[in-house]
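**Q** Start from the sequences, fold in the hints, and give me the full structure.
Residues per chain are reported as follows:
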Amino acid sequence: MPRAVVIGAGASGLTAAIHCAARGYEVTVVDRQAHPGGLLARFQRGRARFDVGVHYLGGVGPGHVFGRILRHLGVFGDLAFQPLDPDGFDLLRFPGFEFAVPVGMDAFAERLADRFPAERDGIRRVVARLREAVEGYGIADADGRTDLDIVRTVEGEPLLGLLDRHLRDARLRAVLSAHAPLYGVVPAEAPVGLHAIVLYHFLEGACRVRGGGDALAGALVRRLEALGGRLLLRRRVVGLEVAGRRVDRVVLHDGTELPADLVVTSLHPAQVLDLLSPGVLRPAYAKRVRGQRVGLGHMGIFLELDGVPRSLVRRNLYSFSSLDPTRFLDDMVDQPQPFYFASAAEPAEEGAPWTVVLTTPLGWERVAAWADTTPGRRPEAYRRLKDALATRVLDRFYAENPEIREQVVAVHSSTPLSTAFFTGAPRGAMYGHYHSVDQMGVYRPPQFTRVRGLVQVGQVVFAPGVLGAMLSVYYGLGRLPGFEGLFDEMRRAG
Amino acid sequence: MDASDVIRTIDRILVEDFELDAEQVVPEASLREDLDLDSLDAVDLVVALEKAFGIRIDAKVVEKMQTVGDIHAYVRGVFESGEFPAAAPEPAREAGK
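If you're matching them up, the sequences are chains A and B in order.
Just so we're aligned: 69 in the working numbering is position 69 of the first sequence, and the numbers increase by one with no gaps anywhere.
Just so we're aligned: 72 in the working numbering is position 72 of the second sequence, and the numbers increase by one with no gaps anywhere.
By construction, these hints were calculated from the structure, which means they are not laboratory data.
There could be a bad hint or two in this list.
Unchecked claim - If we take Cβ atoms under 10 Å as the criterion, some of the chain B residues that face chain A in the derived model are:
(1) 13
(2) 17
(3) 41
(4) 47
(5) 51
(6) 59
Unchecked claim - Distance condition first, Cα-Cα at most 35 Å in a straight line; then the derived DSBU-like pairs of lysine-lysine:
(7) B:64 with B:51
(8) A:287 with B:60
(9) A:287 with B:51
(10) A:287 with B:64
Every value quoted in this text rests on a predicted model; they were computed, and no experiment measured them.
Note that beta-carbon positions come from the ideal geometry of N, C-alpha and C, so glycine has one too.
**A** Written out as structure tokens, the structure reads:
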């Protein structure tokens, strides 16, 4: 039986592990954390559970991208979904106006045209380009085909350039770039292709999963174990041995060696370089991978409530203090009132509290001075900075949502240091890579190297978010012998 | 940058960044057979050349090149044409314009 070792038990690692197990591999997934899930995993304070990485999902209905992946993985029936308001699943709040995003690309385009009637033609052109981009990736329908020429073009085309070319009203451009902060790229540098996929999959029917990221991770782990795969937790990978030009074994910190015919890694490719002996990959590759900018950092603010946050029960809030898309990713140090995203989670068990999570940009350099400290042992100065920053965001959030202020019983917060500690991501970058036009396409760290039997998956090598992480497995693993048809199976899985 | 600078820079990249012997890096050397460079290396080569020369290169063009001399000729051609495709992404613009 061929052996596969998967490094990282997050969304991409578990997805890859399931497909390896389903195709006859003896699979071992290694993760340094005590719990599987990576950024899917929740953290717990008392009875409250908080999602760090995944706050809502795209459509899971028949024919929807995310739903097909979950069906193909065999975990769909193990999950319960809560659809968000189809008439407005995201409320986009800007100074002086609001826009509620409805389900359906057509409905979205129609609402934009009603709101900005003078720009009907421009809206039609922009939406047509977004559709074309999605079709290029070949994920929109069961008969889709990936068209690499389209993908290359839309990954090199800046979103704001497209919007500026066709639209005049600054409010309209702001609405159409509002989702860029969710994947952490400034709209002037955000690829049209990436924006299109993110927007499209939410427009298919945004929903939450009952029990949050833990439920998703749990379903993936159960599926993997049912297929005979196993998890090795609390283990750090310290080496990746190559024989000839093939992967040979994975070495763990406790000296364990795991022989492998196939290694799938969700580490940042720069970290993979550190696991290989010098000289295995060429300096040109190493320079290219190490020369890439990693993604932006975030602050998370986690609220435990003693009531139901009515305004956030079936929709998320995107709150901007500026109409200028070039300022959307400014953090609190550059702008007193930065962008924040707010999302609520219903308790999965009787008697547990509702929670609300706010996320806002925060540069790694703001907290880098404390990078050598660990949670629980961080100095007072760090805690003071964190509290001061959280208070600034909360003041605005409470002013905009006064009813929730009355319900808050506890507040916790995180910075890029927390993300770095719990995920191992360089500079605590939630999305790993900075997925800008100049770092996508062939410039993105690659899924394959000269080392045969080694596949890189995850957000960094494809696209951000849980969808990007899972799709990376199809674009990577799907090109290996033995995994033929993987992509087509997924496209046809409902 | 004149033609000999272009050639020297390309040869230096091949020797240092692709760990090839300087004696091997001659214009008639076949990238695939003599130098063992594959399509994955081609992408690294695109990135290295773009960085060294501040130009933008279509990856598909490099994949079609057969010899070291083809690389020399292509980059020289870019410089001689006088049309340097911009390597930088579009600059951010201010809203409201």
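**Q** Taking the numbered hints from earlier one at a time, note which ones the structure violates and give those numbers from smallest to largest.
**A** No numbers; nothing is violated.
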